[in-house]
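Got chain A; can you put chains B, C and D on it based on the hints?
Residue numbers (our numbering), protein chains in the order written: chain A, 1 to 340; chain B, 1001 to 1340; chain C, 2001 to 2340; chain D, 3001 to 3340.
Be careful, since some hints might not be right.
To be verified - Using C-beta positions, here's what the derived DEER-type ranges look like:
#	chain 1	residue 1	chain 2	residue 2	range
1	D	D3015	A	V320	52 to 62 Å
2	A	F35	B	V1320	32 to 42 Å
3	C	Q2148	B	P1064	53 to 63 Å
4	B	F1083	A	K199	58 to 68 Å
5	B	G1143	A	K199	12 to 22 Å
To be verified - Computed cross-link-like contacts, EDC-like style, restricted to lysine to aspartate or glutamate with a CA-CA straight-line distance of at most 20 Å:
#	chain 1	residue 1	chain 2	residue 2
6	B	K1045	A	E305
7	A	K70	D	E3060
8	A	K199	B	E1168
9	B	K1115	B	E1079
10	B	K1008	C	D2044
11	D	K3045	C	D2044
12	B	K1077	B	E1229
Claimed, not checked - What the simulated footprint calls covered on chain A by chain B, stretch by stretch (three residues with Cβ under 8 Å from a Cβ of chain B suffice, anywhere in the stretch; the number is not a length):
#	region
13	167-181
14	187-195
15	303-309
It should be emphasised that the hints constitute simulated quantities derived from the structure, not laboratory data.
Each residue gets a CB set at the ideal place from its N, CA and C atoms; glycine is no exception.
Protein chains: 4
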Amino acid sequence: MIIIMKPKVRQSDVDNIVSILETHDLVPHISEGTFRTIIGVVGDKTKLDTDHLSLQPGVERLVPILSSYKLAGRSFKPEGSVFSIGDVEFGGSSPVQIAGPCAVESYDQIFTVAKVISDCGAKVLRGGAYKPRTSPYSFQGLGVAGLQMMREAADAFGLLVISEITSEYDLDEAAKYIDIVQVGARNAQNFRLLAAIGKIKLPVMLKRGMAMSIEEWLGSAEYILSEGEYRVMLCERGISTFETAYRSTLDIGAIPVLKEKTHLPVFVDPSHAAGRAALVPPLARAAIAAGADGLLVEVHPNPPEAKSDAAQQLRPEAYVELMRQINGMLQYIEKVKNHD
Amino acid sequence: MIIIMKPKVRQSDVDNIVSILETHDLVPHISEGTFRTIIGVVGDKTKLDTDHLSLQPGVERLVPILSSYKLAGRSFKPEGSVFSIGDVEFGGSSPVQIAGPCAVESYDQIFTVAKVISDCGAKVLRGGAYKPRTSPYSFQGLGVAGLQMMREAADAFGLLVISEITSEYDLDEAAKYIDIVQVGARNAQNFRLLAAIGKIKLPVMLKRGMAMSIEEWLGSAEYILSEGEYRVMLCERGISTFETAYRSTLDIGAIPVLKEKTHLPVFVDPSHAAGRAALVPPLARAAIAAGADGLLVEVHPNPPEAKSDAAQQLRPEAYVELMRQINGMLQYIEKVKNHD
Amino acid sequence: MIIIMKPKVRQSDVDNIVSILETHDLVPHISEGTFRTIIGVVGDKTKLDTDHLSLQPGVERLVPILSSYKLAGRSFKPEGSVFSIGDVEFGGSSPVQIAGPCAVESYDQIFTVAKVISDCGAKVLRGGAYKPRTSPYSFQGLGVAGLQMMREAADAFGLLVISEITSEYDLDEAAKYIDIVQVGARNAQNFRLLAAIGKIKLPVMLKRGMAMSIEEWLGSAEYILSEGEYRVMLCERGISTFETAYRSTLDIGAIPVLKEKTHLPVFVDPSHAAGRAALVPPLARAAIAAGADGLLVEVHPNPPEAKSDAAQQLRPEAYVELMRQINGMLQYIEKVKNHD
Amino acid sequence: MIIIMKPKVRQSDVDNIVSILETHDLVPHISEGTFRTIIGVVGDKTKLDTDHLSLQPGVERLVPILSSYKLAGRSFKPEGSVFSIGDVEFGGSSPVQIAGPCAVESYDQIFTVAKVISDCGAKVLRGGAYKPRTSPYSFQGLGVAGLQMMREAADAFGLLVISEITSEYDLDEAAKYIDIVQVGARNAQNFRLLAAIGKIKLPVMLKRGMAMSIEEWLGSAEYILSEGEYRVMLCERGISTFETAYRSTLDIGAIPVLKEKTHLPVFVDPSHAAGRAALVPPLARAAIAAGADGLLVEVHPNPPEAKSDAAQQLRPEAYVELMRQINGMLQYIEKVKNHD
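Okay, chain A solo, but in the shape it has when bound:
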């Protein structure tokens, strides 16, 4: 950490800072510039209260050098996290395809989708059983019954199951049916839920909140990691900006930035960012081209009849074509190298 003092600071203010640092066993390095005095701080700053420090007389601002997350940082695992769930490798050399309907609606629907995506090489079946909807009057999902349907469909085609959990109350029951817990954008800073999920011994897909910076996102991931669950994946799904031509602005630049800052695998959900099916294939291709470790794509056997987010779900034939393109592109895209 670096402490930047105000212009023309008094010596007594500098002495005060030095004294505070020394009582915390920290070593101050003082640089007196032409306009400012700057104090570098060396040592274990865990017990130091930075707010306290920033309010001392003469202090202009603090510049943190290390980030507030530790386990999520790239330096914790410079080679990148690679782990298997069942026999599917996440974070490895091949992107993992996750697909399925926005919401599970019926046995027929979920089996139809499971077959299509399995034929295309997808390894994980997605589908909402608990739906966070902006209006309380919209379809809220089938709950446990939906999870059971997904489990059966996934088992029939050798797929894993991922589904969003929106409350601690549902965790234990849901854990019987799913392989990966998804945290949605609207709960991405529901820290109580994150901590609870970190304890149930299931891998986690953490979506980005619509207004969360990459640093805050990694702070949320740290809540899960610090409970001992290291199989955490991140999923970019668009942020809120002034542009209204689609639902959210897919932050394609977040992919290479995350590859520098964290060792966690990075997924992209082009369907929620787009909000309509026509935009999904170009965004999906872009995500892979930018280095994503996998995609979550919404696929529905008959989108016009879907009970939620009908407009953004791909028809099976569109998904087949998208996967064909992506598999072709992949051989030309250099896997992002380890950062040191």
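Relative to chain A, chains B, C and D alone:
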């Protein structure tokens, strides 16, 4: 609702839409313009699936005329909501002052603050017992012990208690000590929590999420209202923008817009928007000048020693001065009139 | 256009609107819904003042059906614009590669870059001669001398020249040396400059302003088109958002949206969005994967010695590798189809 | 400036940095922390190329300590800029009221408004003669004829004239009629125009661009100041965010932040931020309450007949009432103190 058809639409596509509307007992009004055919829809659209409709051939887009919230809309209560909690009137002719530390830390701290704010005319004591922090390694609050301290301090000075609840698990216990439940920005779209809070028969202060549009915010309020709890207040606390000179951008324009769209009382929290104490008084005055029904201001007897958000808490003497200014200004500010 | 009246509107207010429309030879179509009366407007609305209309008693809001740009709209040229400059085809089946240094600095520098990019298949040499810098104390470019150097280097390798013009004063002189005029993000709503550029008979590359919606961008393009210059290309270069991990947020979703809304070719500048070289290749690949008609990439023979934006310029060998990847990917990316 | 080196940096990389600094007569101060080596730089950094430095091996990032603007910074004039134009004091103890129509349309119109605002105590008449419009088909202003009308109306009531200039070409002619040059949001980074304006010996009102950070805004101001024109005023008029309930998000927090960072007077234009008249009075009151040095408010004798931005212009009687409220409030608002 209005359905805008694509240019040069086929008659069969228009007939299809008419047929769908008629099977839902809706009356179509067709306007054939020079470039577009437009279909107005009259009748009870509750059972109509708009996603289904938007995917029909020939449809370009739908334009909703009514908002998705009902109970939160201004037309539900055109004169505005005014209600009392204890003997404090919310939404009435005088703004309500809510103040207190970011987090409850000790009996001494909370009693000192309670006295100061009570002397200044504040009616509600705020203080965090469950703190949502972006890092899992930061101070997380005293929990129930903190609520107990607040209750005692509030009772000693005739104040109400407001505190943030971050999990359904804490609701029943917390309800013993608090008068108003606060929902924080990070849980503002945690719909499960909102629905649970709507059932416990306590008034609610709903903060705005950092990326939530005003329409989405009112959708969240509707989750609480639709459970039967009508004593809901909204609290603007800043949104995420590109500007980094303060913590969040206080959306001052949201105040008059909310006064048009909803009957719910509108509060402002200048402390979290600002992120540092020097900016709090100008933002607080601006909020009152723009027509806010009250303020939440962070006050701490000794900010540099605070365990969280030290930088943004006002010293008691600064709060006293701020209240003096606001009370003077108030007589010149026209109360926003009812909208019809 | 559709006029949505307020709830419980008076008949006299509806009559007033009808009367205004009829004096403009427009035909009103009235739908009386359960809650609202809605008036569809059919006819030539060119002479109608919509602000005037929106202020009439009883009017809640207007919903435009057609966009405010005409020549830039996709329906003006549904098959998409394809045009040649020299022997280079823009908007056609192959993306056009534009590359070069941020600023022209010397003969050596520009000849070195021109050779490298030409060897990689780039067809257009870019380089700044008039640099818009956020600080008046930064390097401002070589002016006409820089344009002369670019012209010579381009001619030596059979390339076209593109360069940014920041003032009407420079247009005539600059037109002697360049093949394509670039309008930078900071001048994207400098309407006087746009109109002047539209008159000089040179094709134009119009960058997007950092806070411009896609609709506003097309409005700016219309300023050029309406002067008779139809060879206009758009260049996405990142928008301002709350994220600070890179310079601007590349709006990858703008590419497919523009392909729907306009017939103009769409380019992407990953270098300015990224702000540092390590992020350029993933963003460049993503742009091509999303359907861009070409790229502007900054390449410098020795980035650490560059006089401006050193951090974001690729070394020649990195550009060579990027072009190799992109050319491989391209065969798998379906060209975005015409929209009808 | 501080240079933060990468973790486990090699001694040779540190030596390289030290060597570069020393050849520029700068003194390095090295702090070796547990995880990072940090180098403080003392001396005159004017000739140092920071991009060059940031690309050296082992460098993670640079932290600037001083801002890139000098003349615009608060420390250049810690007591704040106060200057007179005619007999009107700007930046002094009383806010200056500027008002008038969006666009000058006729003698009648501008005389009517001039009288109303003069009666209310306004000192400056505003009105657009060159209108930057997002569509080339909208009313573009009366040009010099409009300026002449403003001059006559202003002289009749003892007012100053402010008007927006959008091109260098118009400067000399316009200077004959106006007292203050306004730079609009869309030209706020048109550096050529800024530099030209800085030379004509007229005071300047510089609006904020919709995506400009406060730091970038002060960079634009520096372009004018560095040409020798010190009578520069800033005008906040709203920024682009995800919220669509009004035209732009008025950044009320910018006011106190600017009071810390710069000595230049700070104005607010609530009319353009709001986009409709009903929101103007609350935003105007908020601006004054937050410490603005004055307001620009759009007033029109008959808004429904206005040729541009009809929806956002106040009727004269609404302006009269707004001024009454503001004058009352003012006596309770502590003038923001000098910052030291």
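Worksheet item: Between K3045(D) and D2044(C), is the straight-line Cα distance small enough, at 20 Å or below?
Response: Given that 20 Å is the threshold and the Cα spacing comes to 62 Å, the pair is violated.
Discussion item. Just to be careful, I want the Cα atoms of K1045(B) and E305(A) compared with a cutoff of 20 Å; is the pair within it?
Written reply: Since the Cα atoms of K1045(B) and E305(A) sit roughly 17 Å apart, the hinted pair holds (cutoff 20 Å).
Worksheet item: Given a hinted range of 58 to 68 Å, is it respected by the beta-carbon distance of F1083(B) and K199(A)?
Response: At 40 Å between Cβs, range violated.
Worksheet item: According to a criterion of three or more residues whose C-beta lies within less than 8 Å of a C-beta of chain B, is the region 303-309 of chain A covered?
Response: Coverage by chain B holds here, the residue count being 7 at a Cβ distance below 8 Å.
Item to complete: Starting from K1115(B), check that the Cα of E1079(B) is at most 20 Å away, please.
Response: violated, 35 Å
Fill in: Restraint status (C-alpha distance of K1008(B) to D2044(C) at most 20 Å)
holds, 17 Å
Worksheet item: How does the coverage statement for the region 167-181 of chain A fare against chain B, requiring three or more residues with Cβ below 8 Å from a Cβ of that chain?
Response: holds (count 3)
Worksheet item: Is 53 to 63 Å a correct range for the gap between the Cβ atoms of Q2148(C) and P1064(B)?
Response: holds, 58 Å
Discussion item. If you count the residues of the region 187-195 of chain A with a beta-carbon closer than 8 Å to a beta-carbon of chain B, do you get 3 or more?
Written reply: Holds, because 7 residues of the region 187-195 of chain A bring their Cβ atoms closer than 8 Å to Cβ atoms of chain B.
Discussion item. Assuming the hint says 32 to 42 Å, is it satisfied by the Cβ distance from F35(A) to V1320(B) or not?
Written reply: With a Cβ separation near 36 Å, F35(A) and V1320(B) satisfy 32 to 42 Å, so the hint holds.
Worksheet entry | Holds or violated: K70(A) to E3060(D), with C-alpha atoms at most 20 Å apart | Cα-Cα ~18 Å, so holds.
Discussion item. Can you tell me whether the CB distance of G1143(B) to K199(A) sits inside 12 to 22 Å?
Written reply: With a Cβ separation near 18 Å, G1143(B) and K199(A) satisfy 12 to 22 Å, so the hint holds.
Checked against the numbered hints above, the structure breaks hints 4, 9 and 11 and satisfies the rest.
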